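Kindly generate the complete structure, drawing on both the sequences and the hints.
First to last, the protein sequences are chains A and B. Quick note on numbering: the numbering used here labels position 212 of the first sequence as 212, and the sequence is numbered without any gaps. Quick note on numbering: the numbering used here labels position 92 of the second sequence as 92, and the sequence is numbered without any gaps.
Any given hint could turn out to be false.
Claimed, not checked - Here are the simulated BS3-like cross-link-like pairs (lysine-lysine), alpha carbons at most 30 Å apart as the crow flies:
(1) LYS265/A - LYS9/B
(2) LYS60/A - LYS91/A
(3) LYS91/A - LYS153/A
(4) LYS9/B - LYS208/B
(5) LYS91/A - LYS208/B
(6) LYS265/A - LYS91/A
To be verified - Examples of chain A residues toward chain B, derived with CB under 10 Å:
(7) ALA5
(8) LEU6
(9) ARG13
(10) ALA17
(11) ALA337
(12) ALA341
(13) LEU342
(14) ALA344
(15) THR348
(16) ARG423
If you are wondering where the hints come from, they were derived from the structure by calculation, not from laboratory data. Quantities reported herein were computed from a predicted structural model and do not represent experimental measurements. Every residue gets a Cβ at the ideal spot worked out from N, C-alpha and C, and that includes glycine.
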Amino acid sequence: MRFPALVIRNLRRRPLASMLTGLSVSLGVGLFASVGALREASEIGFQRSASLCDMLVGAKGSGLQLSLNALYHMGQSQGNVPYEVYAELEKTQGVLWSVPIAIGDSFRSHRIVGVTSNFFQQVQVHSGTESRPLEFAEGEAFAFSPEAFAQLKADLANHQQGEPMPHQASWFQAVLGATVAKRTGMGVGDHFHPTHGVQGAAEEHEDGESEVVGVLAPTGTPVDRAIYLPIGVYYVMQGHEPTADMKAGGSLDPRGLSAIMLHTKAGFYRTQIYRTVNDRLDAMAVYPSVEMRNLFAMLNQGDFVLKWITALIVVVALIGVMVAIYNTMGARRGEFAVLRALGAKRRTILGLVTCESAVLSMLGGVVGLGFAGLLVMAVSGQVEAQTGVALAPSISLAELELLAAVTLAGALAGLVPALSAYRTEAAQIL
Amino acid sequence: MIHLLNIRKSYENVAESAPVLGFRELHIGAGERVALTGESGSGKTTLLNMLSGLLVPDVGEVRIDGTNIAALSEAQRDRFRAANIGYVFQTFHLLQGYTVQENVELGALFARGHQEAGRAAFLLESVGLEHRRRHLPNQLSVGQQARVALARALMNKPRVLLADEPTGALDPETGRQVLALLLDSAQQYGITMVCATHDPGVAAAFDKIVRVEDLQ
Numbered sequence: 001m002r003f004p005a006l007v008i009r010n011l012r013r014r015p016l017a018s019m020l021t022g023l024s025v026s027l028g029v030g031l032f033a034s035v036g037a038l039r040e041a042s043e044i045g046f047q048r049s050a051s052l053c054d055m056l057v058g059a060k061g062s063g064l065q066l067s068l069n070a071l072y073h074m075g076q077s078q079g080n081v082p083y084e085v086y087a088e089l090e091k092t093q094g095v096l097w098s099v100p101i102a103i104g105d106s107f108r109s110h111r112i113v114g115v116t117s118n119f120f121q122q123v124q125v126h127s128g129t130e131s132r133p134l135e136f137a138e139g140e141a142f143a144f145s146p147e148a149f150a151q152l153k154a155d156l157a158n159h160q161q162g163e164p165m166p167h168q169a170s171w172f173q174a175v176l177g178a179t180v181a182k183r184t185g186m187g188v189g190d191h192f193h194p195t196h197g198v199q200g201a202a203e204e205h206e207d208g209e210s211e212v213v214g215v216l217a218p219t220g221t222p223v224d225r226a227i228y229l230p231i232g233v234y235y236v237m238q239g240h241e242p243t244a245d246m247k248a249g250g251s252l253d254p255r256g257l258s259a260i261m262l263h264t265k266a267g268f269y270r271t272q273i274y275r276t277v278n279d280r281l282d283a284m285a286v287y288p289s290v291e292m293r294n295l296f297a298m299l300n301q302g303d304f305v306l307k308w309i310t311a312l313i314v315v316v317a318l319i320g321v322m323v324a325i326y327n328t329m330g331a332r333r334g335e336f337a338v339l340r341a342l343g344a345k346r347r348t349i350l351g352l353v354t355c356e357s358a359v360l361s362m363l364g365g366v367v368g369l370g371f372a373g374l375l376v377m378a379v380s381g382q383v384e385a386q387t388g389v390a391l392a393p394s395i396s397l398a399e400l401e402l403l404a405a406v407t408l409a410g411a412l413a414g415l416v417p418a419l420s421a422y423r424t425e426a427a428q429i430l
Numbered sequence: 001m002i003h004l005l006n007i008r009k010s011y012e013n014v015a016e017s018a019p020v021l022g023f024r025e026l027h028i029g030a031g032e033r034v035a036l037t038g039e040s041g042s043g044k045t046t047l048l049n050m051l052s053g054l055l056v057p058d059v060g061e062v063r064i065d066g067t068n069i070a071a072l073s074e075a076q077r078d079r080f081r082a083a084n085i086g087y088v089f090q091t092f093h094l095l096q097g098y099t100v101q102e103n104v105e106l107g108a109l110f111a112r113g114h115q116e117a118g119r120a121a122f123l124l125e126s127v128g129l130e131h132r133r134r135h136l137p138n139q140l141s142v143g144q145q146a147r148v149a150l151a152r153a154l155m156n157k158p159r160v161l162l163a164d165e166p167t168g169a170l171d172p173e174t175g176r177q178v179l180a181l182l183l184d185s186a187q188q189y190g191i192t193m194v195c196a197t198h199d200p201g202v203a204a205a206f207d208k209i210v211r212v213e214d215l216q
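The following block contains the structure:
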């Protein structure tokens with residue numbers, strides 16, 4: 001028998017008390033870790049989605065609203081940005097690629113996003129230090145190049161009211177995000193009618209029947225929750241024509257764009273483009289990653305209070321460990337006296353009780369971290385359903401530091417009963 | 001082997017400061033088996049505790065194999081006790097929640113050096129309890145508990161075996177068996193044995209009887 005076995009055996013001798021005190025620590029640690037883990041997993045997930053492009057350009061307004069609307073398919077659009085902004089940016093030095101976005105229709109509550117086909121070639125999904133392009137689980141991308149979009153815009157400029165809209169039947173093709181395919185049960189070859197509006201209104205675009213030509217592989221980003229159509233389709237479907245009160249070139253211009261995704265050269269060019277766009281009166285540029293960072297900085301204020309509350313729960317649980325062990329001291333004096341008579345030093349007895357408290361706290365902490373992981377997994381489905389952001393429980397340095405801190409705090413809590421044990425006078429008891 | 005010189009011991013919490021124990025000299029030879037007798041409160045257990053190093057005299061020397069353990073620090077006395085002393089208590093004090101084998105193994109837990117593999121099993125066999133090694137103390141009879149306590153006391157191969165009223169809690173027949181086992185073990189392993197008892201019948205079985213009152 002060795003000293004560690006003695007510690008474990010002493011804990012096992014009081015299974016119910018050890019289990020209950022360990023459980024109280026695990027609940028405290030679980031709550032504390034959950035707050036941090038959920039926030040961290042959310043931030044990582046949202047930042048991964050924010051890095052789908054460097055910059056977003058949209059109508060003047062809230063940068064956060066633009067980011068949430070264009071990238072996360074949440075909230076309402078704050079208006080359109082003129083097509084000319086996109087056309088100029090395409091030719092701007094330092095722009096590596098740009099994808100125009102049109103938002104406004106949906107299918108069974110899944111938003112339909114109009115894009116040019118280079119979206120599927122250019123967008124990269126970042127995970128840690130790795131990045132990979134969008135992959136198709138089934139089928140392929142539709143064909144609607146930026147050049148085809150430019151031609152359509154030129155044709156629309158010359159289009160007279162009453163004439164048939166300039167379009168080709170082959171444009172009515174769609175690519176589904178992985179979640180959409182799973183939830184709707186649709187696959188390559190299926191047809192659907194987009195409905196007008198993003199809230200799932202019942203009014204269908206009778207002339208917008210589209211065929212699914214591709215299904216994207218899961219990305220863990222909001223891409224999974226969207227249906228992609230050639231952006232040209234947005235301009236030729238009935239119901240998207242301009243009306244008399246919509247001023248061409250303004251933020252209500254139906255021929256404008258909901259947003260523009262940009263990927264630029266880093267450094268000087270990126271800063272220059274950002275400033276140039278923001279100097280305009282009809283457009284603004286935002287960094288989605290900065291918007292998300294700011295959002296989480298605000299949320300962290302709430303987290304701070306929550307963390308203090310859960311930290312107090314951990315402290316109360318550790319006091320519980322101390323009290324539970326302290327309450328056994330009277331009954332264990334004989335045991336300590338025997339161990340002293342067998343040659344145990346006073347500091348060995350001190351270490352024994354301290355280690356019991358530390359081990360109990362550590363085991364509680366390990367179980368608590370497990371609880372936190374399970375909670376993140378349980379919540380991740382809900383978060384993914386609402387935002388498309390996949391949360392993954394992970395063991396980070398912060399969790400290991402928390403475990404070490406709880407173990408140390410447990411050892412300190414154990415010092416109170418340990419000092420009582422330390423003072424045991426074997427000769428008086430035996 | 002054991003040499004106590006000019007011993008004086010009193011307790012702070014005793015109302016009158018009269019010494020509990022005070023004598024000039026006590027010598028016990030190597031391998032000798034000595035019974036300490038005397039009335040209750042005469043200081044038998046105090047003397048045993050001084051021999052184990054759990055207590056130190058206020059004045060005097062407690063030499064075991066030439067080492068004055070009264071002059072050692074508490075930690076040094078603990079180490080000395082772990083390596084050299086075996087102790088059998090009146091109520092045996094087996095740790096509940098530990099198996100018989102684990103209780104025996106505890107006897108060498110604090111001694112320096114490697115525990116001898118299989119020694120606990122060997123000792124349990126020698127006290128006739130190898131078949132009970134996985135049992136818990138409360139599943140044993142009092143006599144069996146006494147034998148486990150003896151095995152634990154022998155686990156660290158002590159040079160001195162101390163026993164405090166080892167038969168006090170036993171019926172006469174079991175007491176005789178346990179006493180015989182204690183004496184035989186001490187003789188077999190060449191251990192110096194000091195046993196406190198108030199029972200003249202028990203004391204008579206030892207090589208030498210020391211009446212504590214006569215030491216004063």
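Taking the hints in turn, this is what the structure says about them:
Of the supplied pair hints, the one linking LYS265/A and LYS9/B is violated, its CA atoms being roughly 89 Å apart against a limit of 30 Å. At most 30 Å may separate the alpha-carbon atoms for a hinted pair to count; LYS60/A and LYS91/A meet this at roughly 22 Å. Between the alpha carbons of LYS91/A and LYS153/A the distance comes to roughly 16 Å, so the proposed pair stays at or under 30 Å and holds. At most 30 Å may separate the alpha-carbon atoms for a hinted pair to count; LYS9/B and LYS208/B meet this at roughly 24 Å.
A distance of roughly 113 Å separates the Cα atoms of LYS91/A and LYS208/B; the hinted pair therefore is violated under the 30 Å criterion. Under the criterion of a C-alpha separation no larger than 30 Å, the hint pairing LYS265/A with LYS91/A is consistent with the structure, at around 14 Å. Interface hint status for ALA5/A: upheld, as the beta-carbon distance to the closest one in chain B is roughly 8 Å, under 10 Å. A least Cβ separation of about 7 Å between LEU6/A and chain B falls short of the 10 Å threshold, and the interface hint therefore holds.
Interface hint at ARG13/A: satisfied, since its Cβ lies 4 Å from the closest Cβ of chain B, which is below the 10 Å cut-off. Among the interface hints, the one on ALA17/A is violated; its C-beta lies about 12 Å from the nearest C-beta in chain B, farther than the 10 Å criterion. At its closest, the beta carbon of ALA337/A sits 8 Å from a beta carbon of chain B; the interface hint therefore holds under the 10 Å criterion. Interface hint at ALA341/A: satisfied, since its Cβ lies 5 Å from the closest Cβ of chain B, which is below the 10 Å cut-off.
With 10 Å as the threshold, the beta carbon of LEU342/A comes within range of chain B, its nearest partner Cβ sitting at about 6 Å, so the hint holds. For ALA344/A, the interface hint holds, the least distance from its beta-carbon to any beta-carbon of chain B being 5 Å, beneath 10 Å. A hinted interface residue such as THR348/A counts as satisfied when its beta carbon comes closer than 10 Å to some beta carbon of chain B; here the least separation is about 7 Å, so the hint holds. Evaluation of the ARG423/A hint against chain B yields a violated restraint, the C-beta minimum of about 13 Å exceeding 10 Å.
Of the hints listed earlier, those the structure fails to meet are numbers 1, 5, 10, 16, in rising order.
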